[in-house]
Amino acid sequence: MTILKMLLEYIGIDSRRVKMVWVSAAEGMKFADVIKTVTNDVRKIGPMQHFRRSNEWRA
Amino acid sequence: MASIDKLREIVRETLEREDVKYVIGYEKGTYGFRISPSFASTSEDANKFIFSPLCVNNLAVYLVLEEKRPPPRDEKEDTRKIGVIVKGCDSKAAVQIMQERGIKRDSVVLIGVPCPGVIDPRKINAKFPHQTKNVDVKEEEEKFVFAIDGTTHKIPKEELIFDKCKRCENPTPVLYDVLVGEEIRSTKKEDYERVRAFEEKTLEERWKYWSRQFERCIRCYACRNVCPMCYCKECMVDNLSPQWIRRSVNLSENTAWNIMRAYHLAGRCIGCGECERACPMGIPLMDLNKKIERDVKEAFNYTPGLDYLQKPLLAMFRPDDPEQFVL
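Heads up: the sequence lines are chains A and B, in that order.
The numbering used here applies: residue 1 is where the first sequence begins, and numbers increase by one.
The numbering used here applies: residue 1001 is where the second sequence begins, and numbers increase by one.
If you are wondering where the hints come from, they were derived from the structure by calculation, not from laboratory data.
Among the clues, some could well be false.
Here are the computed lysine-lysine pairs in the DSS-like style, where the Cα-Cα straight-line distance is at most 27 Å [as the list claims (entries may be wrong)]:
#1 B:Lys-1311 with B:Lys-1297
#2 B:Lys-1208 with A:Lys-44
#3 A:Lys-5 with B:Lys-1311
#4 A:Lys-44 with A:Lys-5
#5 B:Lys-1123 with A:Lys-5
#6 B:Lys-1138 with B:Lys-1006
#7 B:Lys-1189 with B:Lys-1208
#8 B:Lys-1201 with A:Lys-19
#9 A:Lys-5 with B:Lys-1157
#10 B:Lys-1138 with B:Lys-1123
#11 B:Lys-1006 with B:Lys-1021
#12 B:Lys-1076 with B:Lys-1123
#13 B:Lys-1028 with B:Lys-1127
#14 B:Lys-1143 with B:Lys-1154
#15 B:Lys-1188 with B:Lys-1048
#16 B:Lys-1208 with B:Lys-1164
#17 A:Lys-19 with B:Lys-1208
#18 A:Lys-5 with B:Lys-1138
#19 B:Lys-1133 with B:Lys-1154
#20 B:Lys-1127 with B:Lys-1104
#21 B:Lys-1154 with B:Lys-1188
#22 B:Lys-1201 with A:Lys-5
#23 A:Lys-44 with B:Lys-1201
#24 B:Lys-1157 with B:Lys-1123
#25 B:Lys-1166 with B:Lys-1138
#26 B:Lys-1104 with B:Lys-1123
#27 B:Lys-1201 with B:Lys-1297
#28 A:Lys-19 with B:Lys-1297
Same shape as in the complex, but just chain B (with noise of 0.2 Å):
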C-alpha cells in the first residue's frame, strides 16, 4: 500500500488547487477496528488522514449524499470541486454515479489509492472481540500485524479479508485523477461461485433459506443509506402515493423492499458490498446483488462501473436483446 505521508502530500496538494472544496478520506475511528470518515478542508485536516487495510467505507457515497442548500440572496453557490479518496471498488461506484449523470466528471477530483484487500469487520471481531483501544494494523507481505495489549498478532490475510476482496478484478481504481502508490494488478476472477451454488437448490429450498434471511429484516434502511448507487431524492418505500411497500416490518413487506431494491440496482450495482457490512441484521444481501450482476453480464454483456462515457444499461436498447417474457 501506499506511504501514508505521500497520501497526505497528495491530499495537501488538492487543497491547495483554487477549486477544491474539500477532500474526503479516512482517519483512525472511535475504538477498536474502527476507522471514521474525515472531511479535511485545511492543510491540518488533511494531516489527520490515513490509510490501513482497515478502511472499509466506501467514500463514493458522500458524493451523492451532499446536502445543497439554497444559497443566501447575496451569495452564490458554491460549485467548487470535491476531492475523494477511491479504492477499486470505490472507483467504479463514482463512475457509475457519473454515467448516470448523478454527478458530473469535473465535480469531482479522485484520489485513486490502489487496494490489495481491506479487512472484514465481522470476521476481526469475532477473533478479537470488544477491543476499546485503537488497533493499527500494518501489512507485511501475505500477513496482516498488529498490536493488542502488548502481544504482536500476525495473521494471513485469507483469513480476515472479505469475501469481495478474494475475487476482486479492479485494485487499482479504473478513473483517478491522481494516484497513491504503485498500479496493482489483478489475477482474480469473479467466478460467481455462492451464485451458482445456490442455484443448484429447489425451489423450496430457495424459499426457505430467503424468508429466512428477511423476516430478520428490520427496514431499518442501513443498506439504502450506504449504498452509493441509491441516491433518489424520493425512495421508492417513502412513496406514499402510490404506495409500493407498507411501512410495516412482515415477511411480506420485507421481502418486497429487498426485491425491489435489488431491482433497482440491477446493472448498477457495482459489487461494493457495503450494503451487507451496513447490515445490522447480517443478512446476505451480495448473493442478490451477484445474482443480477451475473445475470445482467450473460443476457446484456453489460459490466457496470467500468467507462463513465458509456450509457447505462437500462437506457440503451439493441434489437438482439432477450425477449421470451413476452408471451
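With the rest of the complex left out, here is chain A (with noise of 0.2 Å):
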C-alpha cells in the first residue's frame, strides 16, 4: 500500500483519494464515521479529471 500511493502520486493521481482502514460493518458506529470521513475528505479534493468519458463517435 505505501508503493500503491507513492506510485500514484508519481503517475499524477492524488493518492489522497485511495484509503485503506480495518473496521467490520459489525462495528456500526465506526463503520458509518470512517465512511463520513472518507467521503468529505475526497469531496475536498473535487472529481477527478483524469479519465473522462467523451461521448463520441468515431467515423
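Build the complex from these two chains, which are given one at a time in their own frames, with help from the hints.
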C-alpha cells in the first residue's frame, strides 16, 4: 500500500483519494464514521478530471 | 570483453555435460545492428555463438518461457538443466526468479559474462539508419569501432550505450557457474536522477506527462512478454472473471495496465530495461519501475536480484515496516 500511494503520486493522481481502513460492518458507529470521513475528504479534493469518457462517435 | 573463442569453448564444455539439455546465447542477427538469441544443443550450434556490445537481449526470460508439454505415455519428463549466457543485469533476473522459486538453482547453468555496457538500438539506429548488412561492433578502450560500407566509425561509448549501463552497479554477474573473462568492478552508482527530477513537477504536470505517454500505449504487451519477471501462468489482463482491466485501448485502461504492471513488479524488477527497449511506442517504462525501485529501497531497505536465498520483499514482514497509510 505504501508503494501504491507513492506510485499514484508519481503518475499525478492524488493519493489521498485512496484510503485503507480496518473496520468490520458489525462495528456500526465506527463504520459510519469512517465512511463519512472518507467521503468528506475526497469531496474536498474534488472530482477526478483524469479520465472522462467522451460521448463521441468515431467515423 | 571476453574472447569469443573462450566463450564458445565454455559453451561446448557445458553441452558435453550429461545433465544439460541446451544452452541459450546470442548469434548474429538478421540485419544491421540486430542480434538474435540462439539455442545450441550440439557443438556445431555452439560455434554460432558470439558476444559483442550489440547483445542487448535479456536471455533470462527464456528460463520462464520454456514450454513444458506433458510427455508421451512411456517417456519421462526431461529434467536436464538449461545453460544460459548472462550479463550482469540478466544474472540478477535469474537470481530474482530463483528467490521466488520460479525456477530451481540446480535446474540452470549460468555462464556469466562480465559486461561493460551494451549499445542502445534506438541510439545507434538514429545515427546510422536503415542498415541492411550485418554490422560487427567491437570495443576499443572507450570507443566502439565498426565499419559500414568500407568506412570505419569510432564513436565514444557514452554516446551509444544505454542509460541503464551508465549507472550499472553490477557489470559482473552476481551469480554464475562459470565466468567467461575477467571480473569487472563498477564505480558507477544508481542515483535515481530522473526520478528525482520528475518529482519536482506538480501533480498536474505529472499527469499531463503520463497521460500523453499512456495514450500512445497500444497494449501489445511486448513489455510483459519480454520481461523475465512477468511469468504468471494467467496474467491479470487475461482474467475475465473478475475482469480487472478491460481490453479496450483507451487512456483509462492503458493507465490501469501500466500502473498495475509496475505495481506487480514492485520489489521484483531488477532494472534490465528490456520493457522500455521492446516498447514499439517508446514509452519510458523504466521511469515508473525505477521510481518504485527507489521507494522500495528507502522504505524497506531491499534490493531485488542479489541473493537467491533471501526471502522476496512482499513475502516477508518486519514489525517496523512503514504504516502511515492506515487511517
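Verification of the supplied hints:
1. B:Lys-1311 with B:Lys-1297: holds (15 Å)
2. B:Lys-1208 with A:Lys-44: holds (22 Å)
3. A:Lys-5 with B:Lys-1311: Holds, because 24 Å separates the two Cα atoms, which is no more than 27 Å.
4. A:Lys-44 with A:Lys-5: Within the cut-off at roughly 18 Å; holds.
5. B:Lys-1123 with A:Lys-5: violated (34 Å)
6. B:Lys-1138 with B:Lys-1006: holds (16 Å)
7. B:Lys-1189 with B:Lys-1208: Given pair Lys-1189 of chain B, Lys-1208 of chain B is violated - Cα atoms ~30 Å apart, limit 27 Å.
8. B:Lys-1201 with A:Lys-19: holds (24 Å)
9. A:Lys-5 with B:Lys-1157: violated (38 Å)
10. B:Lys-1138 with B:Lys-1123: holds (16 Å)
11. B:Lys-1006 with B:Lys-1021: holds (21 Å)
12. B:Lys-1076 with B:Lys-1123: Since the Cα atoms of Lys-1076 of chain B and Lys-1123 of chain B sit roughly 48 Å apart, the hinted pair is violated (cutoff 27 Å).
13. B:Lys-1028 with B:Lys-1127: holds (21 Å)
14. B:Lys-1143 with B:Lys-1154: The hint holds at about 6 Å.
15. B:Lys-1188 with B:Lys-1048: Not satisfied, since the Cα-Cα distance of roughly 33 Å exceeds 27 Å.
16. B:Lys-1208 with B:Lys-1164: The given pair, whose Cα atoms are some 25 Å apart, holds under the 27 Å limit.
17. A:Lys-19 with B:Lys-1208: holds (24 Å)
18. A:Lys-5 with B:Lys-1138: violated (45 Å)
19. B:Lys-1133 with B:Lys-1154: holds (18 Å)
20. B:Lys-1127 with B:Lys-1104: Given pair Lys-1127 of chain B, Lys-1104 of chain B is violated - Cα atoms ~42 Å apart, limit 27 Å.
21. B:Lys-1154 with B:Lys-1188: holds (24 Å)
22. B:Lys-1201 with A:Lys-5: Within the cut-off at roughly 17 Å; holds.
23. A:Lys-44 with B:Lys-1201: Holds. Lys-44 of chain A to Lys-1201 of chain B sits at ~22 Å (cutoff 27 Å).
24. B:Lys-1157 with B:Lys-1123: Roughly 11 Å separates the two Cα atoms, so the pair holds.
25. B:Lys-1166 with B:Lys-1138: holds (18 Å)
26. B:Lys-1104 with B:Lys-1123: violated (37 Å)
27. B:Lys-1201 with B:Lys-1297: holds (22 Å)
28. A:Lys-19 with B:Lys-1297: holds (23 Å)
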